[in-house]
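Q: Take a look at the letters that make up each chain.
2 protein chains.
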Amino acid sequence: MRYFEDFAEGQEYPFGPHTVTRAEIVAFAAEYDPQPFHLDERAAAETMLGGLAASGWHTCALFMRMMALSWLNASASMGSPGIDSLKWRRPVRPGDVLSGRSVVLGVRPSGSKADRGFVKFRHEVANERGEVVMLVENSIIIGRRG
Amino acid sequence: MRYFEDFAEGQEYPFGPHTVTRAEIVAFAAEYDPQPFHLDERAAAETMLGGLAASGWHTCALFMRMMALSWLNASASMGSPGIDSLKWRRPVRPGDVLSGRSVVLGVRPSGSKADRGFVKFRHEVANERGEVVMLVENSIIIGRRG
Numbered sequence: 000m001r002y003f004e005d006f007a008e009g010q011e012y013p014f015g016p017h018t019v020t021r022a023e024i025v026a027f028a029a030e031y032d033p034q035p036f037h038l039d040e041r042a043a044a045e046t047m048l049g050g051l052a053a054s055g056w057h058t059c060a061l062f063m064r065m066m067a068l069s070w071l072n073a074s075a076s077m078g079s080p081g082i083d084s085l086k087w088r089r090p091v092r093p094g095d096v097l098s099g100r101s102v103v104l105g106v107r108p109s110g111s112k113a114d115r116g117f118v119k120f121r122h123e124v125a126n127e128r129g130e131v132v133m134l135v136e137n138s139i140i141i142g143r144r145g
Numbered sequence: 000m001r002y003f004e005d006f007a008e009g010q011e012y013p014f015g016p017h018t019v020t021r022a023e024i025v026a027f028a029a030e031y032d033p034q035p036f037h038l039d040e041r042a043a044a045e046t047m048l049g050g051l052a053a054s055g056w057h058t059c060a061l062f063m064r065m066m067a068l069s070w071l072n073a074s075a076s077m078g079s080p081g082i083d084s085l086k087w088r089r090p091v092r093p094g095d096v097l098s099g100r101s102v103v104l105g106v107r108p109s110g111s112k113a114d115r116g117f118v119k120f121r122h123e124v125a126n127e128r129g130e131v132v133m134l135v136e137n138s139i140i141i142g143r144r145g
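Same order as they appear, the protein sequences are chains L and V. Each residue of the first sequence is one higher than the one before, starting from 0 at the first, in numbering that gives the first Met the number 0. Each residue of the second sequence is one higher than the one before, starting from 0 at the first, in numbering that gives the first Met the number 0.
Fair warning: there could be bad hints in the mix.
Which bits of chain L does chain V cover? Going by a derived footprint, with three or more residues having C-beta under 8 Å, they are [as the list claims (entries may be wrong)]:
hint	region
1	12-22
2	31-37
3	42-48
4	58-71
Hints are computed from structural coordinates only; laboratory data are not their basis. Here the structure is a predicted model, which means the values were calculated and not measured. The beta-carbon is built from N, C-alpha and C at its ideal position, and this holds for glycine as well.
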């Protein structure tokens with residue numbers, strides 16, 4: 000188990016991979032983001048995305064899954080207050096193989112609660128060609144040892 | 000159909016409601032955010048959240064669904080480049096009834112593409128007691144008329 004004290008600026012925590020399927024793109028969009036460019040190739044071909052692409056929120060959910068399974072669930076995570084910045088840089092397509100890394104930008108003990116601290120990350124999600132598809136910056140609250 | 004020209008600072012677009020169930024909280028978490036406080040009441044009771052609560056990404060997905068069905072799909076939306084700020088303010092619990100509004104903060108024609116513009120929003124998601132559970136600021140790209 001990794002605690003607040005174990006995180007330090009410059010560390011990198013890799014996550015993934017996850018292969019994105021057409022079926023999951025359409026299923027997520029049908030439930031949560033029913034816009035034509037996430038649901039139907041023909042409609043999507045005529046849009047800015049130039050073809051079927053995953054909902055940006057689906058990419059967030061897949062990033063969260065990869066992060067939890069690769070490193071976050073082996074830390075004393077207590078959740079997050081939010082997102083400082085999130086950029087959807089490129090479409091995520093059926094067949095894309097996503098992976099990435101969480102880079103520690105800084106650590107800060109909580110000023111009010113002695114049992115925890117904030118670890119600020121830049122998370123980079125890329126496809127199998129190394130193209131960044133999403134960039135996220137946020138802080139995660141991590142419990143202190145003992 | 001609502002186009003870029005139809006949006007103006009100060010307008011409010013309501014969305015929702017959506018009643019959150021325990022089953023959907025656990026199902027989303029099992030697939031995308033398998034941390035104990037999103038999966039199991041007993042484990043959750045001992046955490047910062049004080050009981051089972053939806054993944055923040057689940058709240059994002061439900062917000063997206065409400066927004067799409069309530070007003071976004073009746074506009075010429077072309078997607079979004081990202082999120083400027085996102086705050087998870089309160090836990091979302093089984094039985095919560097979510098709704099909210101998208102407030103227009105400003106409009107800006109695209110400098111490079113004559114067929115579209117950026118509409119900046121503050122989106123507020125609240126529960127049935129009027130407590131804000133999530134705040135999001137972002138720009139959505141909206142097509143121009145004709």
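Q: Would you mind marking each hint as holding or not holding in the structure?
A: Hints, verified against the model:
Using a Cβ-Cβ cut-off of 8 Å, 0 residues of the region 12-22 of chain L lie near chain V, which falls short of the minimum of three, so the contact claim is violated. Residues of the region 31-37 of chain L with a Cβ under 8 Å from some Cβ of chain V number 5, which satisfies the need for three, so the listed coverage holds. Evaluation of the coverage hint for the region 42-48 of chain L: fulfilled, as 3 residues show C-beta separations to chain V shorter than 8 Å, against a requirement of three. Coverage of the region 58-71 of chain L by chain V holds [criterion: at least 3 residues with CB-CB distance below 8 Å; count 8].
Consistency note: the structure conflicts with earlier hint 1 alone.
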